[in-house]
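Produce the complete structure using the sequences and hints provided.
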Amino acid sequence: MGSDAATAAGAVFINIDPFVVVALLGLGFLGGMLSGFIGSGGAFVLTPGMMNLGVPGSVAVASNMCHKFPKAIVGSWKRRKLGHVDLKLGLIMAVSAIAGVRVGVEVQNAILEAWGTAGSNLYISVAFVVVLLVVGWTMLRDVRSSMRVGSDDCTAGLAKRVANLNIPPMVRFGAARVRTSLWITVPLGFATGMLAATIAVGGFVGVPGMIYVIGAPAFVASGTELVIAVFSGLEGTIEWGMRGFVDLRLTLLILAGSLIGVQIGALGTTYVKQYMIKLVSALVMILAAVSRAMMVPVYLSGVGLLAVDETTSGLLTLLSSVVLYGTLISAGVLIIVAMLKGKRAAEEARGAAVLPEASTSPELVH
Amino acid sequence: MSTNTLDGVHELRGSMVVPREGTQVRRRKAKAASRRKVARRTIIGFIVFAVASAAMYAVFFGSLDVLMPKLTAGTFAGTGSVIALALVFSLVYGTFANYLLELLGIRALK
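As given, the protein sequences belong to chains F and H, one line each in that order.
Per the numbering used here: the first sequence = residues 1 to 366.
Per the numbering used here: the second sequence = residues 367 to 476.
Hints listed in this document are in silico derivations from the structure and should not be mistaken for laboratory results.
Some hints could be false.
Stated by the list, open to error - Pairwise CB distance ranges, derived in the manner of DEER restraints:
1. K341/F <-> L469/H: 16 to 24 Å
2. E310/F <-> V432/H: 33 to 41 Å
3. S400/H <-> L318/F: 53 to 61 Å
4. A399/H <-> F19/F: 43 to 51 Å
5. S145/F <-> R407/H: 41 to 49 Å
Stated by the list, open to error - Some residues of chain F that are not near chain H, with every Cβ distance over 12 Å (derived):
6. V22
7. S145
8. R177
9. Y212
10. V303
Ideal placement from N, C-alpha and C gives every residue a C-beta, glycine not left out.
Next up, the structure:
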């Protein structure tokens with residue numbers, strides 16, 4: 001289905017054999033399922049998963065951004081109907097996110113030119129390790145406090161303090177039910193775009209930022225992030241595409257798996273408790289960070305900063321793949337089992353509710 | 367004893383308004399017919415979009431040698447085509463995925 005080929009811009013595309021096809025379909029399905037389950041940000045396993053298959057980091061990020069924006073269009077449309085989208089907030093943040101994507105792609109290109117593919121892989125992997133550990137750890141703490149308090153609403157006091165900041169121009173966001181300074185939303189959008197161009201997951205900054213800094217409800221934050229993802233994804237596809245880095249074969253194979261997985265994951269959220277969603281997400285994030293961290297010495301050796309022999313390099317690559325794919329498969333099984341259990345419990349509850357009704361109805365009639 | 371309800375087919379027994387036997391059967395039949403109609407539509411939709419998706423993927427992956435150099439040339443036409451193809455594939459294949467899950471009976475719980 002094609003061989004390793006260099007594009008006009010010099011990006012190297014991998015050979016796609018039947019094993020890679022199956023791996024990409026599976027990766028798309030599991031990544032999509034997680035994406036639907038968490039609400040956004042499935043690319044945090046898709047980009048590392050593609051890199052583990054030998055795809056250069058920049059091509060993985062570019063192809064992921066291209067796979068993300070059509071899904072975000074459909075997702076944001078559906079969520080808007082449910083009232084989960086603050087269009088004004090989304091569009092304001094999208095403008096600065098576009099600027100963030102441009103800067104992010106420029107930084108990536110500068111690294112590629114100076115350090116080559118190994119340098120770019122190293123930059124993306126380090127960014128992944130830092131972001132995934134911070135977000136995963138924060139989520140785990142959130143789960144612990146949710147379980148202790150017995151409520152899912154653990155909004156930080158930071159949002160209240162930010163709301164009190166009166167730096168004009170102040171903007172009111174109807175659906176998010178907040179009033180905040182434009183000087184808060186603009187940098188947040190910029191960081192979202194910059195992260196999207198770096199690791200293809202802007203939502204890791206955008207969603208927590210909207211919840212903890214702006215004070216938007218969680219469902220509005222994840223819905224609004226989809227609007228930002230449409231624009232940042234489109235801008236990223238244009239920027240990377242003009243440099244010849246988007247591998248449409250990868251995009252379409254990932255889409256084939258993820259469009260089914262994302263719907264199962266989204267339905268799965270209706271079967272389990274909120275803290276369970278956060279717990280699964282946090283554990284997957286931390287294990288994905290561990291998997292990426294294992295590859296750092298390999299990339300350091302690639303740029304000549306560390307001496308790693310071929311056997312160790314091969315072993316680390318294998319271990320990294322085992323950890324990532326093992327985590328993904330376990331999370332997928334966990335979600336499906338939770339769905340089946342939830343469905344059975346709901347059916348039993350429905351049966352129990354019908355029984356007394358059936359036994360009392362004749363008395364009511366006669 | 368009958369009572370004047372909207373459809374005029376209810377009767378009053380004690381303090382309860384209960385539909386007559388015939389009405390219940392008619393309603394059950396209408397519900398079953400509507401369910402059959404939805405199932406038929408789902409199956410037809412599934413087949414149409416499955417064929418369309420398979421054809422799209424076959425055409426794309428069958429002509430990679432011609433398409434890939436153009437799509438990765440770094441031109442406006444190439445990038446525009448990448449965006450258009452990603453959108454069309456998502457729309458057609460996404461609709462197929464919807465029908466597939468409907469056929470499998472996977473629905474939201476609440």
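**Asked** When the hints from earlier in the document are held up against this structure, which numbers fail?
**Response** none
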